Structure formats: structure tokens, C-alpha cells
Amino acid sequence: MNILLELVKENVKAVLPIALIVLFLNFTVVPLGLPLILRFLTGAVLIIIGLSLFLVGVEVGITPMGSLTGTSLVKTNRLSLVLLGGLVLGFFLSVAEPGLMVLANQVDFVTLGAISSTMLLVVVSVGLAIMVALGFLRVFFNVPLKIFLLICYIIVFILAFFTQPEFLAIAFDASGATTGILAVPVLLALAVGISRLRKDSKASEEDSFGLVAIASAGAIMAVMVLNIVIGTQEYAVASLEPIQVGRGEILRPFLDFIVGAVSESFVSLLPLVVALFVLQRLLFKLDHKPFARLVKGFFYAFIGMIVFFVGVDGGFMEISAELGLRLASMDNKLWLLLTSFVIGFFTILAEPAVFVLTHQIEDVTSGYVKRRAVGGALSIGVGLAVAFATIRILVPSLQLWHILLPGYIIAISMMYFVPTLFVGIAFDAGGVATGPMTATFILAFVQGAASAFPGANLLRDGFGMIALVAMAPILTLQILGFIFQRRSQKQGVDSDVQS
Amino acid sequence: MYSPESNGQRFQLVCVIVSFGLGSKALSIARKSGMSGGTIMLGRGTVTNRWLRLLELTDVRKEVVLMVGEESVTKRAVDAIDHHLHFSKPNHGIAFTTPIGSVIGRGGEEYESSVGDGGNVSVYKAVFVIVDKGRGETVMDVAREAGARGGTIINARGSGIHETATFLNMEIEPEKEIVLMLIATPKAEGIINAIRDELKIDQPGNGILFVQDVDETYGLLNG
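Chains A and B, in that order, give the protein sequences.
Using numbering that gives the first Met the number 0, the first residue of the first sequence is number 0, and each one after it goes up by one.
Using numbering that gives the first Met the number 0, the first residue of the second sequence is number 0, and each one after it goes up by one.
If you are wondering where the hints come from, they were derived from the structure by calculation, not from laboratory data.
A hint or two may mislead.
When the alpha-carbon atoms are kept at most 30 Å apart in a straight line, the in silico DSS-like pairs for lysine-lysine are as follows [claimed, not checked]:
hint : chain 1 : residue 1 : chain 2 : residue 2
1    : B       : 199       : A       : 198
2    : B       : 74        : A       : 8
3    : B       : 88        : B       : 132
4    : A       : 198       : B       : 186
5    : A       : 12        : B       : 88
6    : B       : 61        : A       : 288
7    : A       : 284       : A       : 295
8    : A       : 198       : B       : 61
9    : B       : 31        : B       : 186
10   : B       : 132       : A       : 74
11   : B       : 61        : B       : 132
12   : B       : 186       : B       : 199
13   : A       : 201       : B       : 199
14   : A       : 74        : A       : 8
15   : A       : 198       : A       : 284
16   : B       : 24        : A       : 201
17   : A       : 12        : A       : 295
18   : A       : 74        : A       : 295
19   : B       : 31        : B       : 74
20   : A       : 201       : A       : 295
21   : A       : 145       : B       : 88
22   : B       : 132       : A       : 198
23   : B       : 186       : A       : 12
24   : A       : 201       : B       : 132
25   : A       : 198       : A       : 145
26   : B       : 74        : B       : 61
27   : A       : 12        : B       : 24
28   : A       : 201       : A       : 74
29   : A       : 295       : B       : 61
30   : A       : 8         : A       : 295
31   : B       : 31        : B       : 132
32   : B       : 24        : A       : 8
33   : B       : 88        : B       : 31
34   : B       : 61        : A       : 8
35   : B       : 61        : B       : 24
36   : B       : 132       : B       : 24
37   : A       : 201       : B       : 61
38   : A       : 74        : A       : 284
Note that this is a predicted model, so its numbers are computed, not measured.
Please build the complete structure, drawing on both the sequences and the hints.
Structure follows, in C-alpha cells:
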């Protein structure tokens, strides 16, 4: 079985449950109409194809390039070069991230231009770049990940104290958006490439994770600092319009999205391709064949991204907004809560970066931490997060920080009971979970549900959802780590023999 | 060293190569047939199809399962794996066994010094040491002090008789490291003893060590 077929099989398994749930709801509680269902199914097929091609590209091109970059940078043995590499790569990865561009435009729109999209884009990218460089330094100077993350989050909490609520939401959302479809595979591969050269095999494995988490903390801090610098202001806040649901047309919407998808994919891959050619000349100096392989990988990723975006935007967005709206309008709110959990639970498995993360974990740990285990923990976490997001819509007095603050305090205290490997994996998973599927399908569902209530602020509820989805996996994966640690202990052996 | 024929049973190394994801399954089948444990490492397969090569769709992930056991048990285990995983069909995996000179660390065995199994004594021994993750470096240090020239550490996962935990029907196989060293026969004894003493391999749960005779070596400098 070749890798493409294997991936198609994996992705069918990931997307099929979502399709079945929507079909089930369609035939029982909320009839959605044939055209919408057909569009949804077309979207599902496109997502499977796009995701498979994209992941082949990640496997053949993007991941090898990332780890090659990490390894080559370390081998130069010059700290300045490593730092510069981290800064430049981090900045361009983030600036080109499609999710961040969408967010920046939205923020520009709702604040009526007070925070321009360019400013947000640059600020977030600079924050991310600085933290990626510091993350590299951490590995060099052997600063434990737990301590580094603790310092990061303490700074975030202190900054949060001086940040106004609108910016708080934007900050968390920006961090979710910037660690999206492309940044995650590259950051993960970079970390593996850098840590691989360490002699101590345990430390090498532990250092393979955590960079995504550090990078997303950078994005949060950057937005908060921006707010503190420009000072608290009253913004005229425009509200987002609910997503319009077109009826009757099946194929048209997909065609409408093609141009956007092509340019989005092109713009986000371009900096990486440029970096690839520059690094090949300066550092890699690969032979013709392996280099051609990398280039082919990028081509797969490009085509895959286009098909994936067309599928998501054309097929999934509207139906999920409609689903949210209809379920929220029903008297029995149990269906809404149940569906939000189930949608979160299954959608996360179709998130491209999740596959990359679980794959990487299996490779680094030689299969000790299995994909099923990580996927299960992620699913439960995201399911609960989406359920909490809908509870917030139903209970407006529940503030975002009522959930976030205790959540992060628990997450940070748990670091001390959980193996370092899982701390890295868990905090990385937080960034990984908020990819394009979450930012479209789940977000549309939550906003759809919110639009059923007159007074609900679409923007506020949407932001809250992404922050919650970013937090929940940190908790569930650390619990998983705790269980793994307990269950890996040997039975019937004196523990003092183990030195 | 544990004598190969002390109780009329010879030891064998079983090597099973299957698609990624089936390694744990093969191991659990083997365990049900009486094997005490095994070690799994990741590998990559090859594809010969010209079109797939052009499209760079050549990466096939594989898992290699290594297990050590008495001849009668390994026979039964390999038969069971062959049967359950349908090795008779193409592309379902392969398995083979090779004889082992001696094994230490399978729990409670007595040390017996009898290197080689009579007749042709080979010039080199391949020494495999399987220990918990992070201790491979210690094995290498000890071996180097005792005169070994070098070795290779392979990342793996696996479980012995002391590690049979499952979580929601999923086996948990802790991470291991396999240290592979080629050692000249006269030196082997000393190096193996040094590793045994330092890592307490004879005590249960501290890893296993086994030795295979090597016929030909290339690239080894005299030492």
C-alpha cells in the first residue's frame, strides 16, 4: 500500500463520522434540504482528497525541509545564524499563514480600521518570530521546557491584566490562527531537526515538542503588548453579519471559492519555497534527486491546500452555520449541546495539523505514544471545549476568563506531575487544534448557534470558542501522559533496581 | 553466558517485518503463544513501481518486531503470526528466525560460561542489548570502557514480562533502545560481563542481552 492510499484511507476514517452525524441530524431533527446536503457531501469528498494530497506534500516536502533546516542550522555551530534562521523563518511562516490573514481582515473590519490588518499581521508575526528564536535558544542552553512555558504563561497572565477584553480575545485567537495549516508542520519538523543532534536520547525526544506552544505564546504576548503600547481605547465595534446560507445551488459555491483558495495557497507557500531554494544554495547543497523530491512535495502541498480550502469553504461553512442556528432555535437545548460536543469530537480528527502531530509523535517515540491515544484525548478535549462554547452562548453571564483562568492554572500545575514529553505534546496540541477546520467548520457552527439569539455578539462568541479549543487539549493530553506514565511502570520489579 | 543447549532447547531470534501499526498486534499474538516479550522498531519499506517512484509516493512505513525465545516457543509464535496476519498472501509481511548463541536477562537464568557452540568458533560476535530508553548511552559507555570500539543505538519500543499494561484495550509499550555492537570473540566475554554488572541485566526488568555469531564482517578495524 503506498502512502497516498494509506492517507486517503486515514482521511476517509476522519471525515466519515462528521458526514454521518450531519446526515443523521438531517434525517431526524433538522432537515436541511437536498441541495445543502449534496454540497456538504461534495465538500467532504474534496476535503478527503485535498487533505490526502496536502499530507503527502507535508511528508515528502515540508517536514523533510523543516528538519533539514533545523539540523543544518545547528551544524553551522554559530548561535547568531541559528537565531537569525529562527527569526526569519518564524516571521515568514506567520505572515503567510492564511488563517492569520483572515483574522487580521476581520479585526480590521470590526474595529472599523482602528487596528489595521497589516499592523496586526506584522505584530503577531514579530512576536512569533522572537519566540521561535528563543525556543531554539532554550534547546541550546538546556532550559527545561516546563520552566520556559511557566515563564511564558506568567508573562501572559501579567500582560492580560493590563489588556482590554477585546484585545484579550484577539490575542488568543491570533495565537490559534497563526499556528495553522503550514506553521505547525514546519515548526514541529524544525524542533525535531534541532533536537535530533543531542546526544542524550531522552532529552532529544523531549525537546522535539514544545516549539509550537512557545510560538503561540509569542503571538498572544505580541497582541497584548500592542494593546498596552497604543493604550486602551474605545473602539466602534461593527458586528459580523451572520453567514448567508445560499440554497438551490450545488456546484456554484465551490467555483466561487477556487480563486481565493489558489491565491491563499500560493501566498502561504511562497515564502517557504523561496526559503527552500535559498537554503539549498547556502546550506543543504542536496543532490539533484533528493532536492527534486522536496520540490515535488511542495507541489503536492499546493494542490492539496487548494482542494482542501475549496471543500471546506464551499461545502462545510454554510451547512454548519445552518445546523447551529436550527439546533439553537429548538426548545430542547440538549440537542445543541450534544451536537456541539460530537462535532468538536470528530472534526478535530480531520484537522490537517493533527495528523502531522500524531504522525510525528509516533516517529519520535518509535510508536510508544500511539496515534489513537493522542487522537482520542484531543477529541474529548475539543468536544468539551465546543460544548463549553455553546454553554457560554446559552448563559451570557459566563465570562470567557471564568473558564480560561482556572483551565490554564490547572494546565500549568499539571506540568509537574506529567512526563516532560507529554507536557511538550500537550501544549503543542493546543496550537495544533486550532487549524483551518476549527476556524471554519466549528466556528461557523458556534456563530450560527449564536445568531439564533438576538443580543449575542458573533465576534465575542467566536473568539471565545477558539481560545477554549486551544486550551482543552492541553488538559486532556496531560491526563493521557499521566495515565501512560502510571501504566508504563514495571510490575513485579523492585523499583530501586532502576537507577 | 547462558548455554544454548543447557536444557536441550536452543534460543532463536525472531524477526517479523509488517506494515506500520501491525507490530503491536504481531507482538500480542506472539505473547499469547508463549513468548515473553519483544521489541518493535520503525522502518521504511521500498516500492519498485516506476510510476510511484516518479510521483515520490514511495514512503511505506514498516515495523520490525524482534523477539527472543526457545526454539519450540518461537516456532509456535511464528506460526500463529503467520496464520493471523496472513503472511502467505503477498505484501502482508515477512518473518524469519536466526539462531542465538546466548541470552541473558530473561529472568532468573544462571550464568554459565560457555562461549560458542562447538566446532567453528566465529571471529566476531554481534551483541544486542535492549534496555529502557535513555540507558543505551550507559551501555555504550560501559562497553567502551571494557574495550568495545563502538556501537549503534536504535530507537525502539517494546515490552517484557513486567510490562503488560493496557489502556482502553490498547497495549502500552514503553520506549527502549537497542544497542548493537560487533565485538571480537576474545573480548566479548569481558564486555558482556561489564554490561551485565553495570546494568544489572540479570535482575528482572533491567533489559536483555543476547549474542549472535557473525560469519563475515566488513569495515571493522582490528580491535
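Hints and how they fare:
{"no.": "1", "hint": "B:199 - A:198", "in the structure": "holds, 23 Å"}
{"no.": "2", "hint": "B:74 - A:8", "in the structure": "violated, 34 Å"}
{"no.": "3", "hint": "B:88 - B:132", "in the structure": "violated, 35 Å"}
{"no.": "4", "hint": "A:198 - B:186", "in the structure": "holds, 26 Å"}
{"no.": "5", "hint": "A:12 - B:88", "in the structure": "holds, 25 Å"}
{"no.": "6", "hint": "B:61 - A:288", "in the structure": "holds, 23 Å"}
{"no.": "7", "hint": "A:284 - A:295", "in the structure": "holds, 17 Å"}
{"no.": "8", "hint": "A:198 - B:61", "in the structure": "holds, 25 Å"}
{"no.": "9", "hint": "B:31 - B:186", "in the structure": "violated, 38 Å"}
{"no.": "10", "hint": "B:132 - A:74", "in the structure": "holds, 25 Å"}
{"no.": "11", "hint": "B:61 - B:132", "in the structure": "holds, 21 Å"}
{"no.": "12", "hint": "B:186 - B:199", "in the structure": "holds, 20 Å"}
{"no.": "13", "hint": "A:201 - B:199", "in the structure": "holds, 21 Å"}
{"no.": "14", "hint": "A:74 - A:8", "in the structure": "violated, 38 Å"}
{"no.": "15", "hint": "A:198 - A:284", "in the structure": "holds, 25 Å"}
{"no.": "16", "hint": "B:24 - A:201", "in the structure": "holds, 26 Å"}
{"no.": "17", "hint": "A:12 - A:295", "in the structure": "holds, 26 Å"}
{"no.": "18", "hint": "A:74 - A:295", "in the structure": "holds, 26 Å"}
{"no.": "19", "hint": "B:31 - B:74", "in the structure": "holds, 13 Å"}
{"no.": "20", "hint": "A:201 - A:295", "in the structure": "violated, 34 Å"}
{"no.": "21", "hint": "A:145 - B:88", "in the structure": "violated, 49 Å"}
{"no.": "22", "hint": "B:132 - A:198", "in the structure": "holds, 13 Å"}
{"no.": "23", "hint": "B:186 - A:12", "in the structure": "violated, 54 Å"}
{"no.": "24", "hint": "A:201 - B:132", "in the structure": "holds, 7 Å"}
{"no.": "25", "hint": "A:198 - A:145", "in the structure": "holds, 21 Å"}
{"no.": "26", "hint": "B:74 - B:61", "in the structure": "holds, 23 Å"}
{"no.": "27", "hint": "A:12 - B:24", "in the structure": "holds, 20 Å"}
{"no.": "28", "hint": "A:201 - A:74", "in the structure": "holds, 20 Å"}
{"no.": "29", "hint": "A:295 - B:61", "in the structure": "holds, 23 Å"}
{"no.": "30", "hint": "A:8 - A:295", "in the structure": "holds, 22 Å"}
{"no.": "31", "hint": "B:31 - B:132", "in the structure": "holds, 25 Å"}
{"no.": "32", "hint": "B:24 - A:8", "in the structure": "holds, 20 Å"}
{"no.": "33", "hint": "B:88 - B:31", "in the structure": "holds, 23 Å"}
{"no.": "34", "hint": "B:61 - A:8", "in the structure": "holds, 17 Å"}
{"no.": "35", "hint": "B:61 - B:24", "in the structure": "holds, 13 Å"}
{"no.": "36", "hint": "B:132 - B:24", "in the structure": "holds, 22 Å"}
{"no.": "37", "hint": "A:201 - B:61", "in the structure": "holds, 23 Å"}
{"no.": "38", "hint": "A:74 - A:284", "in the structure": "holds, 14 Å"}
Hints 2, 3, 9, 14, 20, 21 and 23 from the earlier list are contradicted by this structure; the remaining hints agree with it.
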